[in-house]
Amino acid sequence: MNATAWLTQFLEVIAALALAPLFLGWVNACRAWLQNRSAPSLLLPYRGIRKLFHKDAVIATGASPLFRLAPYVVFGAMVAAAAIIPSMGTGLPFRTAADAIVLVGLLAIARVFMSLAAMDIGTAFGTLGARREMMVGFLAEPALLMVIFVASLISATTALPLITERLAAQTPALYPSLAFTAVAFTMVLLAENARIPVDNPATHLELTMIHEAMLLEYSARHLALMEWAAALKLFNYACIGFALFVPWGASLGGEAGLAELAVSIPALALKLAISGLWLAVIETVSAKLRVFRAPEFMASAFMFAVLGLLVRLLLGA
Amino acid sequence: MHGTPIDLQLLNACAAILLLLSFAMLAQRRIVTMVNLLALQGVMLFLATLLLAWRTGQGHLLVSAALTLGLKVIALPWLLHRLIRRLQVYWDTEPLLNVPGTMLVGLVTVVFAFGLAQPIAELASTATRNALGIAVAVVLLAFLTMITRRKAMSQVVGFLSMENGLFFGAMSATYGMPMIVELGVALDVLVAMLVLGVFFFQIREQFDSLDLHHLESLKEEQ
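Chains as they are written, first to last, in our numbering: chain A, 1 to 317; chain B, 318 to 539.
If we strip away everything but chain A, and leave its shape as in the complex, we get (with noise of 0.2 angstroms):
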């Protein structure tokens, strides 16, 4: 390993961590000009955690460690996935680390901890949307699965960066199976963030919720922490998608030198900026599902994903 790969690797990290925000806001400040509102500052997010942090915290009576500790170990779990995402460059020091497997399971500790520290405090809210939470992603996790074996199969490995570096490498072809798998992971993305047709991130109807439902029983640095790490879950699906779907820009190999590094900062920054505005216009033209519908919607994405799993297998496209 070189210093261009501990430079790729400490980069990716911090980008997330900084840009996680930016991008929500984005996002935000994308569909306020779709629905002819005035946009909120693209720094909006940034404000609200420096907020956050600057106040005293207040925990319920009868909370376990369980509830203080959940936000430390959602937020960790993020930054880690976001450390073995190939978002800038593929030839990552933590690459031999861990797979695509280990991050739907970082993914998936994320969740879980969420979940049982909303059911802690024994609120009706909080357990509403726990248990709305797992509805939900009992369903989405499988098709994330599905998607990254599709990749898999394509170019013979499970690991992330060579996924994406063999992608890459590849001549370009058209993919149908590619083509369904991309549709059942926009899919997925909107319903694990919490995104229109499943969940409504600006709702203040505490039956409507799911995501946010969790979140009631939070205040101060404990909040921010999971703002930070929602804001950082979105960032990451959304590199996971380049890593996937658009792997051209980023610096590809071990042996990639800091020429290619900064070509793939402004590609990173521009795949960003242009999903950004896709996720805003998708978000604009759907209406939210009703909770009873959002199996239906995971129901599809995997049958996409599996669909196209089925179409690699037989036509080899």
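I should point out that these hints are in silico values taken from the structure, not numbers from a laboratory.
Even for Gly, the Cβ is constructed at its ideal location relative to N, Cα and C.
A couple of the hints might just be wrong.
Straight-line distance between alpha carbons at most 25 angstroms, and here's what the computed SDA-like set of lysine to any residue pairs gives [stated by the list, open to error]:
hint	chain 1	residue 1	chain 2	residue 2
1	A	288	B	347
2	A	288	B	364
3	A	288	B	345
4	A	288	B	494
5	A	288	B	516
6	A	288	B	421
Far from chain B by the CB rule (all over 10 angstroms, computed), these chain A residues [as the list claims (entries may be wrong)]:
hint	residue
7	67
8	97
9	109
Starting from the structure of chain A, add chain B where the hints point.
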């Protein structure tokens, strides 16, 4: 995938989209959308036939492409839309199985179809023999669509989708059936559609509904 010519890639893409449309039909509750999906399936068949004609240089495939365009993309959807307007049926009732359940059964069906088509595909010598599994899957999914619906209208759409699957299967296994068979089948489907249209009116007159549930009990038992 290295070295696969672009026309074969496009054909594979057509086959994949055909399968996807079958799933969309399986999940769809609105009859109008089902008919539109059927028309889209016709478009995909038309494109696949054109590509195959161009690839193999067989002139008779151009005729069947024209037949597909005229019949499956224009005539049948138009007839169905007219029937829907006349009969005022826009929605199917809830299918017998809920949508996620139907999709899972559909996925199992596709795996079964792929397994079924594997030995047959090895016998075929055409470049498109891999698409045979997709054709069998489309036929079986259309069956499933017919089984899980109650309204006569959506069952007919399922029936027509099954015919699409058969057509695609014949095309990918042997580059299309003899012209006389193809013409015969096309005429059959058109006539069947017309006769079924008359049936719809008769059924509705008898039962005030297109729900085939009513046909299950005999008159004397009521």
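Legend entry - Structure versus earlier hints, numbers of those that do not hold, lowest first: Violated hints (numbers, rising): 2, 4, 5; every other hint is consistent with the structure.
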